[in-house]
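Protein sequence lines correspond, in order, to chains A and B. According to my numbering, the first sequence is numbered sequentially starting from 1. According to my numbering, the second sequence is numbered sequentially starting from 1.
A few of these clues could be false.
Put simply, identical chains are the same to the list, so a pair is met inside one copy or across any two.
Said to hold, decoys possible - Okay, derived cross-link-like pairs now, DSS-like style, lysine-lysine, Cα gap no bigger than 27 Å in a straight line:
no.: 1; residue 1: Lys-150; residue 2: Lys-191
no.: 2; residue 1: Lys-191; residue 2: Lys-133
no.: 3; residue 1: Lys-101; residue 2: Lys-133
no.: 4; residue 1: Lys-250; residue 2: Lys-150
no.: 5; residue 1: Lys-24; residue 2: Lys-54
no.: 6; residue 1: Lys-133; residue 2: Lys-24
No lab work stands behind these hints: they were computed from the structure.
Number of protein chains: 2
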Amino acid sequence: MAQILDGKVVAAALTEQLKNDVQKLKDRGVFPCLAIVRVGERGDDLAYERGATKRAAAAGLEVKQFALPAEASQDELLAVIAKINADASIHGCLIFMPLPKQIDEAAVRAALAPEKDVDGITAASQAGVYSDKSVGFPPCTPSACMEIIKHYQIELKGANAVVFGRSLVVGRPLAMMLLGQHATVTICHTKTRDAAAVARGADVLLAAVGHAGAVGETFVTPDQVLIDVGINVNAEGKLCGDVAPEAAQKARAYTPVPGGVGSVTTTVLAKHVIEAARRTLD
Amino acid sequence: MAQILDGKVVAAALTEQLKNDVQKLKDRGVFPCLAIVRVGERGDDLAYERGATKRAAAAGLEVKQFALPAEASQDELLAVIAKINADASIHGCLIFMPLPKQIDEAAVRAALAPEKDVDGITAASQAGVYSDKSVGFPPCTPSACMEIIKHYQIELKGANAVVFGRSLVVGRPLAMMLLGQHATVTICHTKTRDAAAVARGADVLLAAVGHAGAVGETFVTPDQVLIDVGINVNAEGKLCGDVAPEAAQKARAYTPVPGGVGSVTTTVLAKHVIEAARRTLD
Numbered sequence: 001m002a003q004i005l006d007g008k009v010v011a012a013a014l015t016e017q018l019k020n021d022v023q024k025l026k027d028r029g030v031f032p033c034l035a036i037v038r039v040g041e042r043g044d045d046l047a048y049e050r051g052a053t054k055r056a057a058a059a060g061l062e063v064k065q066f067a068l069p070a071e072a073s074q075d076e077l078l079a080v081i082a083k084i085n086a087d088a089s090i091h092g093c094l095i096f097m098p099l100p101k102q103i104d105e106a107a108v109r110a111a112l113a114p115e116k117d118v119d120g121i122t123a124a125s126q127a128g129v130y131s132d133k134s135v136g137f138p139p140c141t142p143s144a145c146m147e148i149i150k151h152y153q154i155e156l157k158g159a160n161a162v163v164f165g166r167s168l169v170v171g172r173p174l175a176m177m178l179l180g181q182h183a184t185v186t187i188c189h190t191k192t193r194d195a196a197a198v199a200r201g202a203d204v205l206l207a208a209v210g211h212a213g214a215v216g217e218t219f220v221t222p223d224q225v226l227i228d229v230g231i232n233v234n235a236e237g238k239l240c241g242d243v244a245p246e247a248a249q250k251a252r253a254y255t256p257v258p259g260g261v262g263s264v265t266t267t268v269l270a271k272h273v274i275e276a277a278r279r280t281l282d
Numbered sequence: 001m002a003q004i005l006d007g008k009v010v011a012a013a014l015t016e017q018l019k020n021d022v023q024k025l026k027d028r029g030v031f032p033c034l035a036i037v038r039v040g041e042r043g044d045d046l047a048y049e050r051g052a053t054k055r056a057a058a059a060g061l062e063v064k065q066f067a068l069p070a071e072a073s074q075d076e077l078l079a080v081i082a083k084i085n086a087d088a089s090i091h092g093c094l095i096f097m098p099l100p101k102q103i104d105e106a107a108v109r110a111a112l113a114p115e116k117d118v119d120g121i122t123a124a125s126q127a128g129v130y131s132d133k134s135v136g137f138p139p140c141t142p143s144a145c146m147e148i149i150k151h152y153q154i155e156l157k158g159a160n161a162v163v164f165g166r167s168l169v170v171g172r173p174l175a176m177m178l179l180g181q182h183a184t185v186t187i188c189h190t191k192t193r194d195a196a197a198v199a200r201g202a203d204v205l206l207a208a209v210g211h212a213g214a215v216g217e218t219f220v221t222p223d224q225v226l227i228d229v230g231i232n233v234n235a236e237g238k239l240c241g242d243v244a245p246e247a248a249q250k251a252r253a254y255t256p257v258p259g260g261v262g263s264v265t266t267t268v269l270a271k272h273v274i275e276a277a278r279r280t281l282d
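Whole structure, please, built from the sequences with the hints as guidance.
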């Protein structure tokens with residue numbers, strides 16, 4: 001019977017730790033604060049905002065919401081970001097993407113102060129995760145994968161980690177973070193020849209493909225740990241990951257969807273804000 | 001008998017192509033120019049400078065030398081860089097590293113204008129190579145590997161590429177560039193378990209380890225292409241790569257040391273300068 005790597009358990013344990021970290025900062029006069037910038041009222045964004053706000057409050061953070069109408073101009077959004085950059089009481093900033101068509105996303109990414117970039121959208125954060133330096137932050141999703149691995153004490157040093165997906169939001173930063181923990185890292189994608197064979201060589205298999213059942217039973221061995229980043233809707237209309245159910249059962253351990261990686265991302269966001277606040281004391 | 005992937009042949013062919021590119025730019029009134037900044041008189045730097053200057057001239061580039069004494073202060077060096085940044089007639093800038101102890105290398109990296117960073121030392125270039133965007137440039141050595149692969153038409157799409165080494169100067173940028181060409185990329189290092197077995201799974205094996213004989217005969221299969229980035233001195237005092245001679249002979253093809261990757265880097269530097277000059281027209 002495969003072990004379930006429970007995201008809710010990881011989030012709860014991490015929240016306890018963060019509460020301590022926040023208290024220590026408050027004792028030094030620093031009150032960690034997250035700004036959330038949303039343009040429009042997309043259901044996904046609103047749901048994530050509720051989750052992030054709840055998590056942030058649980059850890060003792062303050063949250064400031066900046067909601068702009070869907071038809072907001074680029075200049076209006078840039079003005080909000082400039083205000084956040086200049087506000088020393090705000091330590092981290094989450095901007096929901098994608099942005100409406102009238103707004104140039106690249107300009108928005110370039111506008112945010114790297115030290116407040118708690119979801120890894122700036123070039124400075126990208127260079128930071130690539131070069132393994134504490135500049136900016138990686139995106140929250142790959143950080144959430146690493147938190148699960150850490151919580152369940154899954155050994156990475158010398159392990160073969162295989163990442164499916166090469167996006168800037170998950171695959172690439174995940175590969176860099178696994179490398180930072182001394183795993184031997186393989187990055188696979190749609191052009192990979194015999195993906196199942198490559199996957200079977202993994203001690204830890206991380207799937208960020210984006211379609212249901214992409215990781216089938218032939219990909220998995222009984223010694224493997226599966227980290228499933230996919231969030232898909234299956235034929236029955238239910239939420240599911242990239243890993244097929246029979247594949248998950250075959251492994252040593254796996255993260256369920258829902259209740260796995262996705263349950264940790266908002267807590268990681270809070271963690272990044274606290275770290276951003278702590279860095280202001282350096 | 002293994003095929004030799006001859007760096008001098010690649011450099012000569014690339015130089016012919018660059019001469020055309022330079023002529024096209026000159027026809028449009030742009031005269032590509034490289035600045036070389038050297039602090040002190042290290043033998044390695046002087047040798048590279050001579051090579052780079054010769055190559056640049058062969059491609060039709062102008063070169064401006066900025067030589068500072070070994071005891072130059074950080075402010076003196078930063079003043080030279082500021083001058084280069086401000087000079088529209090200079091398109092690319094090579095700064096020899098490592099710098100003397102009295103100079104903060106991070107400050108120097110941060111000072112160079114990313115658009116003139118033809119050897120990939122700035123955070124902007126790092127983010128560019130990581131995100132596969134045309135911002136700055138990768139370091140010349142991994143670019144030289146890619147030129148050899150391209151010249152000899154070694155198929156990367158869907159191929160298994162294994163990179164030994166995870167440095168910011170070679171391993172990491174090489175992994176990203178191979179990924180950009182749709183290879184399945186594995187990054188190995190000192191903590192890799194059974195490196196020989198991982199290596200044998202490669203169609204293209206790229207060694208940037210930094211010690212002679214690191215890639216032994218058991219790493220290699222007869223179908224493999226070996227790209228050897230190492231420049232070491234062996235027990236007999238001779239220049240050699242990371243790949244043991246008997247391992248190279250076992251492969252389908254290999255880059256010799258000397259005469260392989262190292263023979264292409266200065267030509268790649270010229271290529272980057274020309275591309276930097278071309279971008280000023282965008």
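Task: Hints not upheld, ascending by number - done: Checked against the structure, no hint fails, so every one of them is satisfied.
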